[in-house]
Amino acid sequence: MKGLLYYGSKNVKYSEDAPEPQIQDDNQVKIKVAYCGICGTDLHEYLDGPIFFPKEGKKDKISGFKLPLVEGHELSGTVVQVGKNVKGIKVGDKAVVEASGHCSDRKYYKDTVEQNKPLCGACKKGMPNICRDLSFLGLGTASGGFGEYIVYGADHVVKVPESIPLDIAALVEPISVAWHAVERANFKKGQTALVLGGGPIGLATILALKGHEAGKIVCSEPALLRREFAEKLGAEVFNPMDHKDAIGDLKALVPETEGFDASFDCSGIPVTFSTSISALGAGGTAVNVAIWADKPIKYMPMCLSYEEKFATGSMGYIVKDFEEVIKALETGRIPLDAAKMMITGKVALKDTVSVGYKNLIEHKEKNVKILVSPSA
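Each residue of the sequence shown is one higher than the one before, starting from 1 at the first, in the UniProt record's numbering.
Check before you lean on any hint, since a few could be wrong.
[What the hints assert, rightly or not] Calculated lysine-lysine pairs in the DSSO-like style (CA-CA distance at most 27 angstroms, straight line): (1) Lys320 with Lys117; (2) Lys107 with Lys87; (3) Lys358 with Lys32; (4) Lys32 with Lys90; (5) Lys216 with Lys251; (6) Lys188 with Lys309; (7) Lys216 with Lys244; (8) Lys124 with Lys58; (9) Lys358 with Lys13; (10) Lys327 with Lys159; (11) Lys110 with Lys124; (12) Lys107 with Lys55; (13) Lys358 with Lys232; (14) Lys66 with Lys30; (15) Lys210 with Lys232; (16) Lys10 with Lys364; (17) Lys10 with Lys58; (18) Lys364 with Lys210; (19) Lys107 with Lys94; (20) Lys216 with Lys366; (21) Lys30 with Lys90; (22) Lys94 with Lys358; (23) Lys159 with Lys2; (24) Lys84 with Lys13; (25) Lys340 with Lys210; (26) Lys309 with Lys244; (27) Lys107 with Lys124; (28) Lys66 with Lys110; (29) Lys125 with Lys87; (30) Lys320 with Lys107; (31) Lys251 with Lys340; (32) Lys90 with Lys107; (33) Lys210 with Lys188; (34) Lys30 with Lys107; (35) Lys309 with Lys216; (36) Lys159 with Lys94; (37) Lys327 with Lys210; (38) Lys320 with Lys84.
It is worth saying that the hints were derived from the structure and are not from the lab.
Turn these sequences into a full structure, and let the hints steer you where they fit.
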């Protein structure tokens, strides 16, 4: 099949003879990929990897697979084959894939990985998104969506209704990252939210908050084009560079609670982390959504204690997040036309690196989500 094979940093090759994945377990599903979004993680793997991918000569801890593997995990497509034990999914169904790979997925790879390994502590607690050996389809566990076909466990496959086009369905994965973060805040209908950063995940967080029927959403972002994107999605925008007392002026936007009910740091720099806590009202929750460089920052614990605020993190997603995002799209709580605004380009598979990666690396202020079309 056609596929984009990852060999290592700056070593990604288009091939028309990539291995086509086949069903190896009676509980797996094969999907023909319609679209697959280029994620920031794909770019990091290209520029600085391998990160999630196994190192050269090493094996993925969930599947036992080695490089090269096809990249891509933000995918949508159509089911073309199901294992004989699969229930509730049939050939012809539109579907997306919750792409994580965790302890419970080793059962699909009996020929390549040890089967008697006990569940890690997180998986025992029902938190597979923070599995000790966490991996992802398209990042090591299995060949991904930058190929014509994928095969994955049926328990990761979520059906998509006919009312949702497949290009918008490819956004379910990044919106699910944001949805999980909003769930981590125990966010309730009518509450107020501050989103710090208007990049792809910040914009997805705005959509997730709309899906939770937030009362007010403010996006703090210094870049004009990103503020314009956020405003189109329904957020009130705020340029912190225009304010001497940015925190005071942010809190003034929600005078009834003297600060936001929840904040979501999608930037991952010291000033946004500090703001995410300081701009909260009493008892508010700050959620770190960003992926940080592994460096310490200054942190004053009493900034939480004085007003009984909460600070927590969010990592990835679970199947329930996918199901709820699809329901929000289907019911219009996340308008389809708003979601579609996130798609700023589509490229053929052979142009993924030369056009897609290049535009996202060199012109990231103009692009949100570029979709790859493996079958085009």
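Okay, which hints does this one fail, numbers in order? 22, 24, 31
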